[in-house]
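Asks: Protein chains in written order, with this note's numbering: chain V, 1 to 609; chain H, 1 to 260.
Calculated from the structure, these hints are not laboratory results. Just so it is clear, the structure is predicted and the values come from calculations on it, not from any experiment. Yeah, the Cβ is synthetic: ideal placement off N, Cα and C, and Gly gets one too. Warning: the hint list may mix true and false statements.
The calculated label-pair distances, taken between Cβ atoms and stated as ranges, are [to be verified]:
{"no.": "1", "chain 1": "H", "residue 1": "S24", "chain 2": "V", "residue 2": "H37", "range": "39 to 49 Å"}
{"no.": "2", "chain 1": "V", "residue 1": "L324", "chain 2": "H", "residue 2": "R184", "range": "34 to 44 Å"}
{"no.": "3", "chain 1": "H", "residue 1": "T11", "chain 2": "V", "residue 2": "L584", "range": "58 to 68 Å"}
{"no.": "4", "chain 1": "V", "residue 1": "H37", "chain 2": "H", "residue 2": "A15", "range": "19 to 29 Å"}
{"no.": "5", "chain 1": "H", "residue 1": "A58", "chain 2": "V", "residue 2": "E524", "range": "25 to 35 Å"}
{"no.": "6", "chain 1": "H", "residue 1": "S24", "chain 2": "V", "residue 2": "S214", "range": "53 to 63 Å"}
{"no.": "7", "chain 1": "V", "residue 1": "F450", "chain 2": "H", "residue 2": "D254", "range": "33 to 43 Å"}
{"no.": "8", "chain 1": "V", "residue 1": "A199", "chain 2": "H", "residue 2": "S137", "range": "18 to 28 Å"}
{"no.": "9", "chain 1": "H", "residue 1": "L111", "chain 2": "V", "residue 2": "G560", "range": "42 to 52 Å"}
{"no.": "10", "chain 1": "V", "residue 1": "D356", "chain 2": "H", "residue 2": "A16", "range": "42 to 52 Å"}
{"no.": "11", "chain 1": "H", "residue 1": "L111", "chain 2": "V", "residue 2": "T556", "range": "52 to 62 Å"}
{"no.": "12", "chain 1": "V", "residue 1": "F450", "chain 2": "H", "residue 2": "T11", "range": "53 to 63 Å"}
{"no.": "13", "chain 1": "H", "residue 1": "R66", "chain 2": "V", "residue 2": "F53", "range": "29 to 39 Å"}
{"no.": "14", "chain 1": "V", "residue 1": "E524", "chain 2": "H", "residue 2": "A246", "range": "39 to 49 Å"}
Computed footprint of chain V on chain H, listed as stretches where at least three residues anywhere in the stretch have a Cβ under 8 Å from a Cβ of chain V [to be verified]:
{"no.": "15", "region": "96 to 103"}
{"no.": "16", "region": "200 to 209"}
Okay, here's what each chain looks like letter by letter:
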Amino acid sequence: MTPVTPVEDDTAGRLVTHLFLRRLIDNDVISPHADRHESLAVLCALVVSLAVFVTFLISTDYLAAFIQLPGPTALHALSDRFLFIAASIAVSALAALMVWDALALEPRDAAILGPLPIPARTITRAKLAAAVVFGTVFAFALNAVPSVLYPVFLTLNMRGMNGRGILQLIAGHATSVVMAGLVGFFGVLAMRGVLRLMAGERGFRRISSTLQSSLVVCAVTALLLAPTVRPTVVRDWVAGVMPVRWPALPVLWYLGANETLAGHIVAQTPLVPPPRFSFVAFPRQEDDAGRAVYRALAPRFAALAERAWLSVPMVTCLAIVTFLWNNRRLPDQSTSGRVRSRFRASIRRMVERLTDGNPETQAGFFFTWQTLTRSVAHRTIVAIAVAAGSTHLLMALATSGAHRLPVPSVPLGLFAINIMALASLMAGFRYAVTVPADLASNWTIRMAWFGDERGYLAGVKRAASVGLVTVPLLLLLPLHVAVFGSAIAVVHSIFGFLIATATLDGMFLGYRQFPFACSYVPIENPKLLWPVGLATMLLVTYEFADVERWALQTTTRTVGLGLALGAIVLLVKFIDRTRRRERLPVNFDERPAPATQRLGLLERMVNPD
Amino acid sequence: MQAGLEARHLTKYYAAIPAIRDVSFTLEPGTILGLLGPNGSGKSTTVSLLTGLREPSAGQVWFDGRNIADGLVEYKARVGYVPEEAHLYTFLSAREHLELIGRLRRLPAPLMARKIATLLDLFGLTGAANQPISGYSKGMKQKVLLIAALLHDPDLLILDEPESGLDLTAGLMLRHLIPILAARGKTIVYSSHVLDHVERLCAEVVVLHRGRIVAEGRVSQLRAMTQRNASLEDVIAQLVTTVDPAGTARDVADVTGLRA
């Protein structure tokens, strides 16, 4: 027998770290079926182009200014930096949430690496190292372009600024946003670790997916809400004039760090007019006032920065310690079973009645429900849709408050809460059905179905109608009762249900695929279609809210609108039924062929005929 | 109802590379056909064409006197298929997966529930029936695939490496089950590397090598083609083996024993 030389800890650690990192990117971030280089190139291009676009959009005022006054610019830049920092935290947290399961040792790690002569502690450290490297590289990559571009754009028309000052601004901006990104990423890791510690392995397994989806909702909502914070609000929060809402607090810490490191350079830049325009009277008073206000905030920045400097090592340490403790042993491969409960059985009976006892409709209903709640990709899509709806809800409440008012005086935003939430969910759902639950497993459906998608599709739509229309409407009902009163709230909810039903049927009018089972084909022109879709959604939503507010003022109008909506629902259903009379074959795999196959040169070489 | 299967000059290209060429055979109802060949010989491609999951580049598959391309959905309704790789929706439990299949196959709810419960019990999966498939062993997944293939009482069973990962008891049970189903008139295609099992189960075999049929017929006929009293393993070795297995085995042992 050949004597076995144990693999050196360092070498094994490096190899396993490399393996984990590669798997994190190949399997968890991209897809085991995708081309890694192509997907990474697309991902990088997306990050860079988005960063350039957002930075440019934020900086248009500075770029368009003939001469920039340093004082007001320093104050105005506070809200820009607030946005950059908030985005860095939220996006880094989302990145951690996308690889949620891979942030701890998994049974597959134990299955693959357990039999090898590598100590368990080496595997644990390697997993941690892979997570740390991934999080750190992501935070740097995300913030690299804006960290360079924003300070340059900010000071482009500030003639008193020198190269050293710009470099200092770049360094300060980069430090603060990367720190924020690290806290976003390690914050999720720490939260996961603490909850895993508190709930135990089995308990955490039960709550893990719900927790992940809830955190996705929070992160996306925060990301969407960040641009709505007005510059004066940021200034008031820093000054302590206005109480800070707690989600904004960590953002202010890193804003403090940024201003302490380099932000003050802008406020201290001398006002230098262009040589040929020295005769122009510049508003020096405005500049001086701006500088004075900024200087007054300096002690507050220092206090906030102290917390920023403390928070990074604290969150990182907590994440590392809980990770090492929770993963001190390789996980066992046993799984927890879902126990069949009476509650589930009664729900099941209810669904069977709801689906008229049609087996294909039941298949569609249950598979939709199971995929949306258990598949990570689908759960994330629904969570993002929920976040979009929640953002609108929070904005409407922040603007108008939830006070009881007569119908004509209720702000339009409050009327639009229902329909906006439903529209977001419908859009998310329509996208989710195009994503396969597991492409490699779709052979089971291809072998089993009878070639008629109507029954299955009816089940899919009913599942959406229950989970994404009825449940949200019931959850929003107490809020609407508070704003409109019971009777109008109920009618408002019924109108919401009718319009959502018509939308749901309308969205699937031309759909000839098999939900969750066909290959994913991306839309051809997202640059055009997404903004147009968003604008249309906002326009239609608010127009409908306006019509609804008008209709709810008298009983006759209310009945009229109800009948009109009912007629629309019936009309869409009739069109759908008519169009589906003709049976069309379903193409389960519509992926475009690779470029080499599209050219078809090889086929011609082999089969010249 | 009894139904025969016929492959007529099946040819399949992937891009420009031929996977199988001119594969033809006929299978009577109530018989078991063994599909044999080394890795890359075209067995799985042949199976995927027989199931209707892939279209042939040329040739046809006929079942019960009809070209399956003329009524693919009706054909699939009569086929039970166990694929080589156990790709299943891992977020479902075995029961949920089988319910999905049963509903799509339009089985009446009471019959489906009774069949699923009984088959899960017979295959020893009742205890794990409500656990997600992601935690199943290969053998457990294979049992789920077998139950799914049998659930609707198919006329044609296509089994691609059905014993892969099965434990001793389940494997033995399957080897008893296949002749029983054949005796009840089911047509069965059994693709496997385990020559011993094929020899015991299959009346007829088709041997594929580099995408072409190199031999077909009854096992006894194949033996006669080569030499008397040879085992099926020896026959296959003569037909498709291009390397010397004993020599390669010695080389492997030598490399294993290399030291620094």
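Asks: Give a verdict on every hint.
Replies: Comparing the hints with the structure gives:
1. Hint check: S24 (chain H) to H37 (chain V), Cβ distance near 42 Å, so the stated range 39 to 49 Å holds.
2. Between L324 (chain V) and R184 (chain H) the Cβ separation comes to about 59 Å, which falls outside the hinted range of 34 to 44 Å.
3. Taking 58 to 68 Å as the suggested C-beta distance range, the pair T11 (chain H) and L584 (chain V) does not conform, at roughly 28 Å.
4. For the pair H37 (chain V) and A15 (chain H), the supplied restraint of 19 to 29 Å holds, since their beta-carbon distance comes to about 20 Å.
5. A hinted range of 25 to 35 Å for the beta carbons of A58 (chain H) and E524 (chain V) is consistent with their spacing of about 33 Å.
6. Checked against the hint of 53 to 63 Å, the C-beta distance between S24 (chain H) and S214 (chain V) comes to roughly 59 Å, which is consistent with it.
7. For F450 (chain V) and D254 (chain H), the hinted distance range of 33 to 43 Å is not satisfied, since their beta carbons lie about 57 Å from each other.
8. The given range of 18 to 28 Å is respected by A199 (chain V) and S137 (chain H), whose C-beta atoms sit roughly 27 Å from each other.
9. Separation of L111 (chain H) from G560 (chain V) is about 49 Å and conforms to the stated range, judged on CB atoms against 42 to 52 Å.
10. Range check, D356 (chain V) to A16 (chain H): about 50 Å between beta-carbon atoms, so the 42 to 52 Å window is met.
11. Between L111 (chain H) and T556 (chain V) the Cβ separation comes to about 53 Å, which falls inside the hinted range of 52 to 62 Å.
12. At roughly 29 Å, the beta-carbon separation of F450 (chain V) and T11 (chain H) lies outside the given 53 to 63 Å, and the hint is violated.
13. The hinted range of 29 to 39 Å is not satisfied by R66 (chain H) and F53 (chain V), whose Cβ atoms lie roughly 58 Å apart.
14. Separation of E524 (chain V) from A246 (chain H) is about 59 Å and departs from the stated range, judged on CB atoms against 39 to 49 Å.
15. With 7 residues bearing a CB less than 8 Å from a CB of chain V, the region 96 to 103 of chain H meets the requirement of three and the coverage assertion stands.
16. For the region 200 to 209 of chain H, the proposed coverage by chain V is not satisfied: 0 residues have a C-beta within less than 8 Å of a C-beta in that chain, short of the threshold of three.
Violated hints, listed in ascending order, are 2, 3, 7, 12, 13, 14, 16; each of the other numbered hints is respected by the structure.
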